[in-house]
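Same order as they appear, the protein sequences are chains W and R.
Mapping of the first sequence onto the numbering used here: position 179 corresponds to residue 179, and the numbering continues sequentially without gaps.
Mapping of the second sequence onto the numbering used here: position 62 corresponds to residue 1062, and the numbering continues sequentially without gaps.
A few of these clues could be false.
[What the hints assert, rightly or not] Examples of chain R residues lying across from chain W (beta carbon under 8 Å, computed):
#1 Tyr1104
#2 Phe1149
#3 Phe1150
#4 Thr1151
#5 Met1208
To be clear, the hints were calculated from the coordinates, so they are not data collected in a lab.
Quantities reported herein were computed from a predicted structural model and do not represent experimental measurements.
Here a beta-carbon is modelled for each residue, glycine too, at the ideal position from N, C-alpha and C.
Below, each chain spelled out in residue letters.
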Amino acid sequence: MDNSEVIISLKGLSFTYHDNKSHRPVLNDLNLQISRGERVGLIGANGSGKTTLFHLLMGLLRQTAGTIEVFGEERRKEKDFREVREKIGLLFQDSDDQLFCPTVAEDVAFGPLNLGNSQEEALAITREVLKRLGLEGFEDRLTYKLSGGEKRLISLATVLAMKPEVLILDEPTTGLDEDTVERLTEILRGSDLTYLIASHNRDFLSKTTDIIYRLGRGKLTSPVS
Amino acid sequence: MHIDNFATGDSLLHRLDPRVKIVVAVLFSVVVAVADRYSCLATAVCLSLTLLFLARLSLREVFLRLLVVNAFIVFLWLFLPFTYGGEKLFSIGPLDATREGVIYALLITVKSNTIVLALIALLATSPVVTLGHALSHLYVPEKLIHLLFFTVRYLQVLHLEYDRLRDAMRIRAFKPGTNMHTYRSFAYLIGMLLIKSFDRADRIRKAMLCRGFHGKYYLLSHFELQRVDVIMLVIMMLLVSGMASLQWIILK
């Protein structure tokens, strides 16, 4: 790696789900380092904790033990994670969770407006991102009337509109047809972003990432070839 | 899903500024709901029929919607004539129907149908999303508008979820009947929908947080009042005030 600035560093990360009666440890003393420009894949069985790991990284859940360092600073409180969320974009597993505005333009502009852009700037960003993803003319479409593939790509647009430095994709290919997966692959390969992708689709991961880890029993194991 | 069924079209009312339509619809409904003079109500009926004609909607669809409204009103007819005090009109067995009761039920029937017709002609001719935006430009509190938007957005998702659960039951040979098994299964279905929507709400909140949400929600669309909007607003306001004066001024 020619540029080895570490931007995400997880040390001894553990997380346990507390239900009424049971304790279900999901992550157990997990370590991970991601440097700028790295493209990392993550595989693991259903329920192995991929989504949990992402939600910890975004500060949506709090770890039971361990430290999370992002952009050289340790992140503990909600306030620390605000900045993280501005620089790391997370694409959710279910696009219906992500798209909540009535129209596509409003949904894509939601992030930029939260970042303090003016309406005109937000609209300009929206148009630019949609164009980059080959989704021109989608601005006034209603989000709930989009097809599954369109929803996924628009969701990606909503994340990219925030101009993140790191992209986290949670099973982005689930439920997509081959053409849309192909389009997604092209988009990712054409970007210079640092990203982390969880997927069950080995073929997709090998095309889009440089290194693939396996998550199992709460730990990451050495790269899978 | 029936949302936005009437919203596509090119009639005068479809093209009218939604803010104008909302203002007129609200005032019209209030006057009709309060009025009890026949002259005023007769004008209102004519007005809402004119609006319906201007909206050029499929009369069959409109009729189907009215059926839904009147299904509730049937219950009023079952009780009101027999429970309202006054002069006896006719009797069924031991029950006496009063003249006042029948008139009262008739008034409610006419009023609700008139209001619903006007609302269909004025409001259903704009997409719900546009109405939401218009409401926000009329200074309706932001929180209420967000509620409206979220409802519109997730009604569809919940409806699909309901369909999926129903299908899952059906493919395992579930036939609804009048028995405990049916009641229990439907209770599970509703319970499951509640839990799923709760979980979904949580995931949506998280997705919003990830995109930097901190309590403020921005709207993008704006409307511009055209000349035809102003003219229509003035005409309709004059008609509604004329209607109101029939109730409160003339014949005093």
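Taking the hints in turn, this is what the structure says about them:
no.	hint	result
1	Tyr1104	41 Å, violated
2	Phe1149	6 Å, holds
3	Phe1150	7 Å, holds
4	Thr1151	11 Å, violated
5	Met1208	7 Å, holds
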